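Top line first, the protein sequences correspond to chains A and B.
Its first residue numbered 3, the first sequence is counted upward by one per residue in our numbering.
Its first residue numbered 3, the second sequence is counted upward by one per residue in our numbering.
Mixed in with the good hints there might be a few duds.
What the hints assert, rightly or not - Simulated pairs of lysine-lysine, DSSO-like, Cα-Cα distance not exceeding 27 Å:
hint, chain 1, residue 1, chain 2, residue 2
1, A, LYS137, A, LYS84
2, B, LYS84, A, LYS137
3, B, LYS137, A, LYS26
4, B, LYS127, B, LYS84
5, A, LYS12, A, LYS26
6, A, LYS26, B, LYS84
7, A, LYS127, A, LYS137
8, A, LYS84, B, LYS137
9, A, LYS84, A, LYS127
10, A, LYS54, B, LYS26
11, B, LYS137, B, LYS127
12, A, LYS54, A, LYS84
13, A, LYS54, A, LYS21
Claimed, not checked - Cβ-to-Cβ under 8 Å is the rule here; a few derived chain A residues that face chain B:
hint, residue
14, GLU25
15, GLY27
16, ALA88
17, GLU100
18, ALA101
19, GLU104
20, GLY121
21, LEU123
22, GLN145
23, LEU146
24, ASN161
25, TYR183
26, LEU190
27, ASN197
Note that these hints are calculated values from the structure, not bench results.
Treat the numbers as computed from the prediction; the structure is a model and nothing was measured.
The C-beta atom is built at its ideal place from N, Cα and C for all residues, glycine as well.
There are 2 protein chains.
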Amino acid sequence: MSTTASLTTKERLLESGAKLFAEKGFAGVSIRRICADAGTSPNMVHHFFGSKQGLLDAIAEQLSVSIFAIPIRLFQTMPASKADFASRMQMLLETTLEAYIENRALLLVVVREEVDTQGVLDYSKAFTEFLERAKRDGFVREQLDSEMATGAIIDRILNQVSFAPQVRRVYGVDIISDADYRQRWCELNLDLFLNGMAAQ
Amino acid sequence: MSTTASLTTKERLLESGAKLFAEKGFAGVSIRRICADAGTSPNMVHHFFGSKQGLLDAIAEQLSVSIFAIPIRLFQTMPASKADFASRMQMLLETTLEAYIENRALLLVVVREEVDTQGVLDYSKAFTEFLERAKRDGFVREQLDSEMATGAIIDRILNQVSFAPQVRRVYGVDIISDADYRQRWCELNLDLFLNGMAAQ
């Protein structure tokens, strides 16, 4: 955490809240504790965010914008070929997975507390629109429901990161610390999502 | 809950625990409360299960066996054709989704408390083996990683049920109460998982 004077009180509360929620969960940290960590008086969370929930909502919004900043850029230009579409999808899986891993502790708090964020909605919408345009360009099957595909891929990445300790316990593979497995996981899931299960 | 004399003390504790954990979450209910509901003396959870966690573990095991009882039967005989394989997959999606919905409250507690159960492992294993056999019969693509496909489908169903209230808030569709949407959801996801995203 930075405590430089250049941060405003509000910014310091967002930083302290993010750090402490990630460490101790939402229920495990008090407003008083967050304000102490941020070096502000105890009523500042109320002043800026209304409540502890309001602070979490603001932190979740910042987080979702930050997580999806790189992945969402992949939707900004259209692929030039089927191979280009496939490699774009692979980058999408990799960059989203990495952003989730990097922010795992705080992400789990946000998911557990069921916070809706504009960031994830914007990402989902951009993803779905990208698939619809790729459909018009002939890279995606006509029959595909683009919203379902978007949802399925996000579910897959979220759960692999959420349940990483259980997957490690049961299957002995670790998506968080093992970069080779992470890459292999992306390749195998890309194959599933691009080509499906059924033999031709 | 049944309180007939035919249930043993241990069975009554499993029933009361399942009911109360589903209503109030794991942290929200005490051993004393569970024993009172089951009409037993307060030391019976300790006696039969060691601890509140031990009781939850036993409830989770019962739940996972019960949830997967119908879906797992779909793996017991092999499909006779590609069309038969596809309809088996559709029944699998539908029956697993319905079992998750029916047990949603307790399932969320089990997921949240990160309980591993043999029931879900047996289901995953049977699912993966079914896909491997279907591969040998020519219904599933050679290149598919059957474990990844199993995981992706389970992730998709689990999250759709877990996040149902958020999906309802944001998209206005309700997989829990709307049987038509549930069927449509299964069809669209089946299409994704069978045929993939990519145009041929």
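Structure-based check of each hint:
Using a Cα cut-off of 27 Å, the hinted pair LYS137(A) and LYS84(A) holds, with the two alpha carbons roughly 11 Å apart. Proximity of LYS84(B) to LYS137(A) is assessed by CA-CA distance (about 26 Å); at most 27 Å being required, the pair is judged to hold. Restraint check for LYS137(B) and LYS26(A): not satisfied, since their Cα atoms lie roughly 46 Å apart, outside the 27 Å limit. Between LYS127(B) and LYS84(B) the alpha-carbon distance is near 22 Å, which keeps this suggested pair within the 27 Å criterion.
Annotation: proposed proximity of LYS12(A) to LYS26(A) holds, straight-line Cα distance about 21 Å (limit 27 Å). Proximity of LYS26(A) to LYS84(B) is assessed by CA-CA distance (about 50 Å); at most 27 Å being required, the pair is judged violated. Under the criterion of a C-alpha separation no larger than 27 Å, the hint pairing LYS127(A) with LYS137(A) is consistent with the structure, at around 15 Å. A distance of roughly 26 Å separates the Cα atoms of LYS84(A) and LYS137(B); the hinted pair therefore holds under the 27 Å criterion.
The suggested pairing of LYS84(A) with LYS127(A) holds, with an alpha-carbon distance near 22 Å, which does not exceed 27 Å. This hinted pair checks out: LYS54(A) and LYS26(B) have alpha carbons roughly 22 Å apart, not beyond 27 Å. Restraint check for LYS137(B) and LYS127(B): satisfied, since their Cα atoms lie roughly 15 Å apart, inside the 27 Å limit. Simply put, LYS54(A) and LYS84(A) have alpha-carbon atoms about 47 Å apart, too far for the 27 Å limit, and the pair is violated.
Between the alpha carbons of LYS54(A) and LYS21(A) the distance comes to roughly 14 Å, so the proposed pair stays at or under 27 Å and holds. Among the interface hints, the one on GLU25(A) is violated; its C-beta lies about 18 Å from the nearest C-beta in chain B, farther than the 8 Å criterion. For GLY27(A), the interface hint is violated, the least distance from its beta-carbon to any beta-carbon of chain B being 11 Å, above 8 Å. The beta carbon of ALA88(A) is positioned within 8 Å of a beta carbon in chain B (closest approach about 7 Å), and the interface hint is therefore held.
Annotation: GLU100(A) was flagged as interfacial toward chain B, and the flag is violated, the nearest CB pair being 18 Å apart, outside 8 Å. The restraint placing ALA101(A) at the interface with chain B is violated, with a minimum CB-CB distance near 18 Å, outside the 8 Å limit. With its C-beta approaching chain B no nearer than about 20 Å, GLU104(A) sits outside the 8 Å limit, and its interface hint is violated. Interface restraint check: GLY121(A) against chain B, minimum CB-CB distance 13 Å, threshold 8 Å, status violated.
The interface hint given for LEU123(A) is met, as the beta carbon of that residue sits about 7 Å from the closest beta carbon of chain B, less than 8 Å. A hinted interface residue such as GLN145(A) counts as satisfied when its beta carbon comes closer than 8 Å to some beta carbon of chain B; here the least separation is about 6 Å, so the hint holds. Taking 8 Å as the C-beta contact cut-off toward chain B, the hint placing LEU146(A) at the interface holds, the least distance being around 6 Å. The interface hint given for ASN161(A) holds, since its Cβ lies 4 Å from the closest Cβ of chain B, which is under the 8 Å cut-off.
Interface restraint check for TYR183(A): the shortest CB-CB distance to chain B comes to about 12 Å, outside 8 Å, so the restraint is violated. Because the beta carbon of LEU190(A) sits about 4 Å from the nearest beta carbon in chain B, less than 8 Å, this interface hint is met. Given the 8 Å rule on beta carbons, the hint for ASN197(A) holds: about 4 Å separates it from the nearest Cβ of chain B.
In this structure, the earlier hints numbered 3, 6, 12, 14, 15, 17, 18, 19, 20, 25 are contradicted, and the remaining ones agree with it.
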